[in-house]
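**Q** Given next are the chains, with one letter for each unit.
There are 2 protein chains.
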Amino acid sequence: MTDFDFKKYWQERLEIVNRALNYYLPEDANGPQILVEAMRYTLFAGGKRLRPLLSIIGYELSGGRDLEGELLPVACGIEMIHTFSLIHDDLPAMDNDDFRRGKPTNHRVFGEAIAILAGDALFSHAFYTIVQSRMPPERLVSVLKEITDAIGLDGMLGGQVADVTGENKPPSEEIVEYIHSRKTGKFIRASLKAGGLAAGAPGDVIDLFHRVGDKIGLTFQIVDDILDEIGEKDKLGKSVGKDRESGKQTYVRVYGLQRAKEKARELAESAISEVEDHFGFQKGRPLIDLIKFIVERNY
Amino acid sequence: MTDFDFKKYWQERLEIVNRALNYYLPEDANGPQILVEAMRYTLFAGGKRLRPLLSIIGYELSGGRDLEGELLPVACGIEMIHTFSLIHDDLPAMDNDDFRRGKPTNHRVFGEAIAILAGDALFSHAFYTIVQSRMPPERLVSVLKEITDAIGLDGMLGGQVADVTGENKPPSEEIVEYIHSRKTGKFIRASLKAGGLAAGAPGDVIDLFHRVGDKIGLTFQIVDDILDEIGEKDKLGKSVGKDRESGKQTYVRVYGLQRAKEKARELAESAISEVEDHFGFQKGRPLIDLIKFIVERNY
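Protein chains in written order, with this note's numbering: chain W, 1 to 299; chain D, 1 to 299.
This is chain W alone, in the form it adopts within the complex (with noise of 0.2 Å):
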């Protein structure tokens, strides 16, 4: 393990899930073809499966042995989730936004009636693929909690709502952690508990990956807040500076940037702490250099 490397990790790891998905939801799956063709063009527009990956790292530290019978069915429901909630904010009535990952969004292929709808499809999709899981039936009702608690109301919806709502607000401390922690990190948080859930590992183990999944989810948007002010264009695949043109609430916005990366930095140092603490450093690899990753990505 001392040259674990942790690029091929999360390669490996990244086609593992697309063979997956590409499995969950083929080409000729049952439905109308429009649909699905609108479902896959953004569910494979190249994103990094951070989500997935989270979740496959949970597993696997907690001892999951069934990765493709178990987990990947939970993990590909995440990221259908997650690539759902993208659509939805791109449309027009919400962010408006024509770009995503460097390609045109999918309401400006689509259309907005289908871009809706294949939204709604990825959801539904997500539940119908995650209770194909072979995992232990008390297991699965257990992440099935974990992951709705994170994305409704009080999660990653509630979010979105407070993020649109608080737009042109002034800037506000309590607006935007309200906004961070429920539209980006519970989700975030809930990907790695699910796959220490799946894997039944002990209480102990999820708290930690309650507390470590809060902090990695925080550290994410503090960092995606620091690239939309500072971050290319180019290598980012979408519109810069576009939070602060739409008067967004933002970390960099309340705490000033140089806060705000200290404020990263620590996060992600208490984080990594955490797991070497628990796991040891040989075996906490892939979680802590995911935690460097995402602090020290400038894409």
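Source of the hints: derived by calculation from the structure; they are not laboratory data.
Mixed in with the good hints there might be a few duds.
Said to hold, decoys possible - Negatives, chain W to chain D, calculated, CB over 10 Å:
1. Lys7
2. Glu27
3. Asp97
4. Asp154
5. Lys242
Unchecked claim - Examples of chain W residues lying across from chain D (beta carbon under 7 Å, computed):
6. Ala113
7. Val131
8. Leu144
9. Lys145
10. Gly152
11. Val161
12. Ala162
From a predicted model like this one, the values you see are computed outputs, not experimental measurements.
A virtual CB, placed ideally from N, CA and C, is assigned to each residue, including glycine.
Position chain D against the provided structure of chain W, taking the given hints into account.
**A** For chain D alone, coordinates are given in the frame of chain W:
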């Protein structure tokens, strides 16, 4: 049972469902106030709770004995999914409807962004609510499999896509059968079956519910098409003749009014006789009377 009063039977269960919906999505639910308000606005806009009622009847016919703990979370989740589909179907990019059940549609009151998110959040909250059921986990998983199959890309949402893309095409038997079975039929069938699955009904009862549910779903949709042709706006609480004007694929357009009425009656009679053969008239009465109501309704 000789003086079985179906209206009273339904009214009692409708009130049980409404109380449960109020419990699972209270005014002070955690989440942005405006989102909760928008979700509740359409959820409590006077629906007949047909799908929850079907799930309750399926559960009671199968000997289920913990309605509140086992079935109501499922019944409420089913109604939330139905409500989500109504909100999104009414959107400007879809059917662009201004009124639903005599009240302004969700996006007319809350704007398009919140309406999309209120639909999404009801969809999400449906699963959050369903997994709170106290039924044995393996039954819960079977209920979730049934429901997610019924509403996804080969179900309700696929049917809605076919509905939207089928507008202004020549009336086609194939398209109208596809739309009706997917958009409405499968979910109505799944509601009845979910009740049976929740109670642990044996395979022959589930198969019966499958066949009967199919017939109920198709009857419901044919009558809906007939009412769109001949119904009165005041009674329906929504626009009449709109499907015809917008060039929608309807049963009446394909088969003519007379044949549509005959078909609805035939299907209902066949469904009723299957229920009576299996359960007997007395025990089967709630389902028998519901089928009669569906075929005879004029609002």
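**Q** A separate judgement is required for each hint: does it hold in the structure or not?
**A** Against the structure, the hints:
The claim that Lys7 of chain W is not at the interface with chain D holds, since no C-beta of that chain comes within 10 Å of its own (minimum 34 Å). A cut-off of 10 Å between C-beta atoms confirms that Glu27 of chain W is not in contact with chain D; the least separation is 12 Å. Asp97 of chain W, annotated as away from the interface, keeps every beta carbon of chain D farther than 10 Å; the closest lies near 13 Å. Listed as a non-interface residue, Asp154 of chain W fails to keep its Cβ farther than 10 Å from every Cβ of chain D; the least gap is roughly 4 Å.
For Lys242 of chain W, the non-interface assignment is confirmed: its Cβ lies about 16 Å from the closest Cβ of chain D, beyond the 10 Å cut-off. Interface restraint check for Ala113 of chain W: the shortest CB-CB distance to chain D comes to about 5 Å, inside 7 Å, so the restraint holds. With its C-beta approaching chain D no nearer than about 5 Å, Val131 of chain W sits inside the 7 Å limit, and its interface hint holds. Look at Leu144 of chain W: its Cβ gets to within about 5 Å of chain D, closer than 7 Å, so that hint holds up.
For Lys145 of chain W, the interface hint holds, since its Cβ comes within 7 Å of a Cβ in chain D; the closest pair sits about 5 Å apart. This hint holds: Gly152 of chain W has a C-beta 4 Å from the nearest C-beta of chain D, less than the 7 Å allowed. Against a cut-off of 7 Å between C-beta atoms, the interface hint on Val161 of chain W holds, since the closest Cβ of chain D lies about 4 Å away. This hint holds: Ala162 of chain W has a C-beta 5 Å from the nearest C-beta of chain D, less than the 7 Å allowed.
Violated hints amount to a single one, hint 4; each of the other numbered hints is respected by the structure.
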